[in-house]
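Student: Protein chains in written order, with numbering that gives the first Met the number 0: chain A, 0 to 218; chain B, 0 to 225.
Hints in this document: simulated from the structure, not taken from any laboratory. Mixed in with the good hints, there may be bad ones.
[Claimed, not checked] Pairwise CB distance ranges, derived in the manner of DEER restraints:
1. A:Ala107 to B:Trp204: 49 to 57 angstroms
2. B:Phe188 to A:Lys79: 56 to 64 angstroms
3. A:Gly36 to B:His101: 35 to 43 angstroms
4. A:Ala9 to B:Ala129: 23 to 31 angstroms
5. B:Arg211 to A:Ala1: 22 to 30 angstroms
Just so it is clear, CB atoms sit at the ideal spot from N, CA and C, and this is done for glycine as well.
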Amino acid sequence: MAVLAKELTAELRGRVALNAVGLFGLTTLIAVAYQIGPYRIADADRPHLLAALLWIILYFAAASGLPRVFVKEEDARTAKTLRLAARPGAVFTGKFLFNVILLAALEAFLVPLYCALMSYGIAGIGPFTLLLACGAVALAATSTIVAAIISRATGSGTLFAILSVPLVLPLLVFLIQGTRAASASAGLAEVLPALRAVTSLAGVTLVTSAFIFPVVWHE
Amino acid sequence: MTKPRLRTTAQWLLGIWLLVVAIAAFHWAPTARGFKGESSRIVFFHVPQAWVAVLAFCVNLVASLRYLRGRDPLDDARAAAAARLGLVFSVLATITGSLFAHVMWGSFWNWDPREVSIVILLLIYAAYFALREAITDDERRASLAAAYAILAFVTMPFLIFIVPRIYFSLHPDTLINTRGAMDMESRMFQVLMGSLVGFTGLFSWLYTLDVRLAKIRLARRRREEV
Chain A
0 MAVLAKELTA
10 ELRGRVALNA
20 VGLFGLTTLI
30 AVAYQIGPYR
40 IADADRPHLL
50 AALLWIILYF
60 AAASGLPRVF
70 VKEEDARTAK
80 TLRLAARPGA
90 VFTGKFLFNV
100 ILLAALEAFL
110 VPLYCALMSY
120 GIAGIGPFTL
130 LLACGAVALA
140 ATSTIVAAII
150 SRATGSGTLF
160 AILSVPLVLP
170 LLVFLIQGTR
180 AASASAGLAE
190 VLPALRAVTS
200 LAGVTLVTSA
210 FIFPVVWHE
Chain B
0 MTKPRLRTTA
10 QWLLGIWLLV
20 VAIAAFHWAP
30 TARGFKGESS
40 RIVFFHVPQA
50 WVAVLAFCVN
60 LVASLRYLRG
70 RDPLDDARAA
80 AAARLGLVFS
90 VLATITGSLF
100 AHVMWGSFWN
110 WDPREVSIVI
120 LLLIYAAYFA
130 LREAITDDER
140 RASLAAAYAI
150 LAFVTMPFLI
160 FIVPRIYFSL
170 HPDTLINTRG
180 AMDMESRMFQ
190 VLMGSLVGFT
200 GLFSWLYTLD
210 VRLAKIRLAR
220 RRREEV
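Looking at chain B on its own, in the form it has when it is part of the complex (with noise of 0.2 angstroms):
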């Protein structure tokens, strides 16, 4: 099988994936006790996006320490594709936990901790961007990019880690808590595992086309230098 013809397939496999997903949410799934009506559906979506920002923003420091190891420019347009689709996946993130919380809560914002470190991810993003644009000489908009990167990086775990754990938070633990314990039914964990995997797949597919859009642009510019 060809490269394109093996891309193809796999993007196919992907679609159904998520549509069998999506269908195994709503009627395969069943609700949560102790959640409102319908709401405990959302965590089949909103928690793969959360863990796709986590896990864009790890690509993304790995593709800075690569940069700051090796200067590739090819390194620092992945962190850019990895930075820019965490952006994505924050928003999401946030935009479905305000969803949830206002259906449990009664209100889109309580400033829980987890929240707050879901708009903190946004923001480092947000400000990663901001530098990106400060800098007009390539070779050092990449290198401070990294490294603010590597410092944003190392913060994180006190926010989604730790915070939550020190202080009150509203947000259900049923598979991250202190007991090590797994509180959810087995057909809800299937589908959230399946979730995961398909969220992964469209981070990983998402992320591949913006590399590929990358590296056709610096073949171009180095054909131009030429």
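If we strip away everything but chain A, and leave its shape as in the complex, we get (with noise of 0.2 angstroms):
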């Protein structure tokens, strides 16, 4: 919890990954909301593609700030002081807690808006946002320990995408499909399979992701 306490503060101060994932998403959500907006997609369409388009949005808004959580600590040379000061343990838990934050505010001021900006009607509110709060913390698995993983290695910045594409898809799927399902359908059912894929997919990456960041964390 400390280490979440020093991001959280550190972050407010600067407010630097804020901006970067809230200006980045906007920026894309309005240049989406220009072209396409609520009229330029054919009924039969607007299920999939608002879907996927939401959750592209999210994730490369996501991927524009979530990766600073460790890069930081490299850049700012205080990595070695972390390493002595807290055990691997809390400080993935910290960092991680901290991405799940970040990305809960992210959704919090984007979904809204893009469902105004689209006119994308969510017939299953809670459903919807339980899928939200799952691919939060699952995003949030994948995110930290790649991130983890390229704070050690040169040109980050392109690193992170080519190193979580391939991660992050499979969550992607899941998440477009329950959103599409939570859209046309006010009952938990439909999108349960989705969801309990999306909670399989962040436990599973929970677990991997602490048994592999202590070697990393060392390295």
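Both chains come to you apart, so use the hints to assemble them.
Tutor: Here's what the structure looks like:
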């Protein structure tokens, strides 16, 4: 929790990651909404396209800010101090929770805006919110461990996209399918297969990350 | 029999085995019902290639775990060798799958869940090598590549086994299906099993060659350091 508190304090002071993800997401959303808007997609294509576009905007906005959580430690040369001051488990948990909060803030900001600008109606608000929450946890889990890996390599900016896309693709497939189901139906049953898959993926990624993070951190 | 002679004999046997499988695929096994023309014969090459791509992934995982436990550079070389071959066989599986898709459904690519899963495997291998190229220190490269390989491995079962079962797939499910049934004619099944054994042998041979080369390079580097 001390690591999380440090991250939150530093972020509230500088707001670098917040600005990056927020502005990137907003810019992408405006570009998409301006070109496509609520009228240029045929009714039959709306469920698929709008769900896919939402998660593409969310993922790429997240990708612009989530890797910073470890890269900034290497850039500012505070990584060695952090290695001495905290156990690997505490560091990973703190950074992971910070990323979850960042993603949750991004979703809280972008999703209502997206629904308004694209006239995207969600029939099942409850299941959809649950999907967003599970998606944030799963995305944060993958992004945090990949950020830890790339922070130890050169060319970390481009490397994050290269390493994370294959890992995040199955997650995005499930999230898009779940979002489609939530927009069409108010019931939880339709969203449940996607929710189960996303939760399983999040769980498996977190457990694996807990196992490999000490190796990555002390390398 | 000496080891080199045993090796040469095994290589010849492998070559003959693969030749017999190729002949049987075109002249002994029948074509499958419900497929256009002779297109079903591609199963004898496409399925083993996909199988070897996944097998290489598993070998990569085991070698990566062994490296993290023992920090032996040879285990890192084994992991890289498996990944290299996995990449090659993933490309081959994608190409043969696309050819089949073009004949059956009129399009080289249909974004079928199984097609997507092999492409993601390809992307994982490519990302693995991109990561290795971005790190200059040998030990760090080996550790981080091993960590990524382990992380990537846990994602694959979702794509290979779960996604095709949740979502509709055009991919034929004569072998791996939710009914637990085998819907393949017996001669076709025999040739397919023969081809699986042959391709596994081919992978094993190429992998052994790559690892032997890595051993020689490591030994030379140790001599230079001394």
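Student: Against each hint, give a clear statement of whether it holds in the structure.
Tutor: Taking the hints in turn, this is what the structure says about them:
no. : hint                                     : result
1   : A:Ala107 to B:Trp204: 49 to 57 angstroms : 56 angstroms, holds
2   : B:Phe188 to A:Lys79: 56 to 64 angstroms  : 59 angstroms, holds
3   : A:Gly36 to B:His101: 35 to 43 angstroms  : 36 angstroms, holds
4   : A:Ala9 to B:Ala129: 23 to 31 angstroms   : 30 angstroms, holds
5   : B:Arg211 to A:Ala1: 22 to 30 angstroms   : 50 angstroms, violated
In the structure shown, a violation is registered for the earlier hint numbered 5 alone.
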